[in-house]
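With chain H's structure known, arrange chain W on it following the hints.
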Amino acid sequence: MALKDFEYGDTIHRCFRCGYCKFPVNWTDVNNCPPYARFRMETYSCGGRLWLARAWLNEQIDWTEHLAEILYSCTTCRNCEIKCPLRFNVDIVNMVVAARSEMVEAGRLPPAVKKFLENIELYGNPYGTGRSSRSAWAEGTATEQYNGHEYLFYVGCAGSYDARARQSAKALAQILQKAGISFGVLGSEENCDGNEVHKLGEKGLFEVLAQDNIARFKKLGVKNIITLSPHAFNAFKNHYPAYGGDFSIFHYTHLLCNLLRTGRIRFSDGIHAKVAYHDPCFLGRWNNEYETPREILRAIPGADLVEMEKNREGALCCGGGGGNFQIDLLGGSENSPARRRVREAHETGATILAVACPKCLIMFEDAVKAEGIEEKLSVLDISEIVAKGCGAEGST
Amino acid sequence: MDPIYQSLAAIVDTEHVSNRPEELYIYSFDLGTAEPHQPDYVVSPVTTEQIQEIVRLANRENIPVVPLGGGMSLAGLAVPLKGGILLDLKRMDRIIEVNEKARYAVLECGVSQGQLTSYLERHYPHLTHSEPGAPPAATIVGNVVIHGQGDLAQPYGFNSDMVNGLEVVLPTGEACRFGSCALGARWFTNHPLPDVGLFLGWCGATGIITKLSIRLLPAKRIRGVGRFVVDDEELVPEIMYKLTHTQMAEDIIAFSSAIPPFASMLQHFTVNIAADSEKELEMKQEIIWDDTLGEYIKKGDGAYLGFTRNLERPQISKTSDYKKGGGFEYVGSIMPIEKYPECYRKGREISERYNIPYTVTGRCIGAAHSMMFAWTYAFNRADPETINGARSALHETDRLVLELGGVIWKPGAYGQKLVLERLDPNTRELMKKIKGILDPKGIMNPGNWEIP
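So the sequences go chain by chain: H and W.
Read in our numbering, the first sequence has 146 at position 146, and its numbers run on one by one without any break.
Read in our numbering, the second sequence has 127 at position 127, and its numbers run on one by one without any break.
Bound conformation, chain H alone (with noise of 0.2 Å):
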């Protein structure tokens, strides 16, 4: 592959690696691009990604692990486009993604990334776990198979494997059931949304995700589609259109903000606390939604919302896009993503941080722990404080 026939080989070049993609809104720090914030060398900085890809696609270094893993380290959070002033920024992450599909061309790929989309391909999700074993998050629910219901609720990878983002799964099927809303789930039928598999460049493999959830939704006549995770909501409402998929889609908190809206979902519970919330980047950077989940909160009686001082735009990713909640490329320190955001959230006071993405939740429930405040700071996914809140938990 030569720079000349780079998707974005007349625009690669023109980082001028200012940096301004290193701060957050508030120039409060040069530590929300995840990975620069965890490694705080230049080759980890937007900038550097940048151009080390350019120089690896105009062979003037050669393709290394260390290289692989430095493009991988990219959440894909966006914080760079976000803050870049040039006119080029809206494609950063593209350039990100167009380069790693040139090493998955090449078929050069870090171990972690290459497992991660073996296992997708093979089981139908990152985790490597069988296809049967999918729907066990709904045990002890009364949660139907998706019949014709008015909503498909596409629980997801995370939701569905994950020991801790199914109790937030299994939360949200519970409200659904309380509030009396018409849903079901695809159980083991359901397959991997692809969103990861997207970021990481492997495009054929995308393809044929999204072309098989399609076919499977059409076939059931799917109409509406509560997703789980803000991944899914975006690869079914920004990517699935491209390919046939015209569904509505929905992320669960506006569903269950219009719930408390109109009153079909009441608090009989209040949580008592300071609660901070994070905003997951593929609700808020992707797609503009901050205000919903907290609309939410602050209904909840008692809840008093704190913000961390990087917030909405200038959210400091939990360091688990584009599959680093698997690949990992970014744990193992004090000065990973997850770690620094958990603090951030334990600085407010809060002693709830509350999220909207299973990817958030798995992230930061193991950097509480890393950090030793687990007993000071709780992480809990919207959808388990409703539940609570509402009565839901534990009913079905």
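Read the hints as simulated data drawn from the structure, not as lab findings.
The structure displayed is predicted, hence computed values, not measured ones.
One thing to keep in mind: the hints can contain errors.
[Claimed, not checked] Residues from chain W that face chain H, not an exhaustive set, calculated with beta carbons under 10 Å:
| no. | residue |
| --- | --- |
| 1 | E15 |
| 2 | I26 |
| 3 | G70 |
| 4 | S118 |
| 5 | R122 |
| 6 | Y124 |
| 7 | P135 |
| 8 | S320 |
| 9 | R381 |
| 10 | E385 |
| 11 | L420 |
| 12 | D424 |
[To be verified] Not close to chain W: a few residues of chain H, all C-beta gaps over 12 Å, as computed:
| no. | residue |
| --- | --- |
| 13 | L71 |
| 14 | N258 |
| 15 | T292 |
| 16 | H346 |
| 17 | E393 |
[As the list claims (entries may be wrong)] If you anchor each label on the Cβ, the simulated ranges turn out as follows:
| no. | chain 1 | residue 1 | chain 2 | residue 2 | range |
| --- | --- | --- | --- | --- | --- |
| 18 | H | G180 | W | L311 | 46 to 56 Å |
| 19 | H | D246 | W | E282 | 50 to 60 Å |
| 20 | W | E338 | H | H66 | 33 to 43 Å |
| 21 | W | P36 | H | E291 | 42 to 52 Å |
| 22 | W | R122 | H | E291 | 17 to 27 Å |
The beta carbon of each residue, even a glycine, is placed where N, CA and C say it ideally should be.
What follows is chain W alone, placed relative to chain H:
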């Protein structure tokens, strides 16, 4: 395993030391036109003690050491011209102290401009620092070490004039303090001890500044920028002189550029004004626009273009995206203000010769004591011909600065050579002696301010 690498990893840790091709590649570049030179190692220390150990190791092994701050000089000052250990200092980013009443901040060497701006806005909104036009990732120390100037240059001068104290790791590994902090006192003044101004302007060739006390300045509640334009460059020096006489401006910049075409060949002024009340603002505006510049408007020589509240951080890196090229570099100079017309005209000539749309800027320093005049040349990073063209234009401009009787600001290797050729022989000899005493093995940022 490379024993130097092992020693460096033992001093810092393995995650912040690298001799891998990717780090060596990235750290070989400046953002401007300087030719890349690879370091042998990249190290990112986090304490003064680590830097001391690294420098002692470098002395023992006779390895060059090149300190790097934000890397925004654009003049190749932190390109490891002779290889060695590249010290990325940005992890040393603690704001150690803000003394509100004595108006100073003590910082580690990796604190960025953006970080200090944000910190002061949040915790001390009535204090500010003189913020340069560089991107926010530029470091405070990096700017001071090159004698930078900022948006309070008119009343307060160079940022390097605002130093209240330094901690420096010498090329032989000792850590020294200068100013009141050297007496164990607070970091409130750099005077009146004997002058040992050995570290500013040297590009790290005499030591590594690890801590800095910088003066903070009053931040008025309302800050904004007024714009004025004239069509005759000959008027610029007298306007700057008159504006400084009012003592009402925080920053006075004159500039002209070929793009956009309608503004080409006109001389634009931005005048920053600050006030604590509407009454004060109105009074200052009246004195500046009516009493001082009104005569130019009446005669038809100039026009007032309006006043915008709030200062936006200048996004100078946008210059790099001219023609979607990804690069620019400028020659800065410290010049008498009276030279503005000539600087402008000659700059246009050079730009036209190299087919680069001209951009020139003059920032007033002090009460019109001098100005920083800069000629900017954009290039396309993907087109070696335009890089070579910009480099030639920059070299020609370096020569122009000296011909016009100015001083090149933060000269790169080429400019330093020109300066040293013309420097008073006794001054040269003294610089050589100082460098020889401080850095007997010549390990500190070699290739910079080297006197044969």
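Consistency of the hints with the structure:
1. E15: Because about 7 Å separates W/E15 from the closest Cβ in chain H, which is inside the 10 Å limit, the hint holds.
2. I26: At about 5 Å, which falls below the 10 Å cut-off, the nearest Cβ of chain H leaves the hint on W/I26 intact, so it holds.
3. G70: 7 Å, holds
4. S118: 4 Å, holds
5. R122: 8 Å, holds
6. Y124: 15 Å, violated
7. P135: 4 Å, holds
8. S320: For W/S320, the interface hint holds, since the closest Cβ of chain H sits about 4 Å away, which is under 10 Å.
9. R381: At 4 Å from the nearest chain H Cβ, W/R381 passes the 10 Å test, so the hint holds.
10. E385: This hint is violated: W/E385 lies away from chain H, its Cβ roughly 14 Å from the closest one there, beyond 10 Å.
11. L420: 30 Å, violated
12. D424: 37 Å, violated
13. L71: Answer for H/L71: violated, closest chain W Cβ roughly 10 Å.
14. N258: The claim stands: H/N258 keeps its Cβ more than 12 Å from every Cβ of chain W (closest is about 36 Å).
15. T292: Given that every Cβ of chain W is farther than 12 Å from that of H/T292, nearest at about 28 Å, it holds.
16. H346: 18 Å, holds
17. E393: 39 Å, holds
18. H/G180 to W/L311: 46 to 56 Å: 55 Å, holds
19. H/D246 to W/E282: 50 to 60 Å: Given a distance of about 58 Å, which is inside 50 to 60 Å, the answer is holds.
20. W/E338 to H/H66: 33 to 43 Å: 55 Å, violated
21. W/P36 to H/E291: 42 to 52 Å: 47 Å, holds
22. W/R122 to H/E291: 17 to 27 Å: Since W/R122 and H/E291 have Cβ atoms about 23 Å apart, the given range 17 to 27 Å holds.
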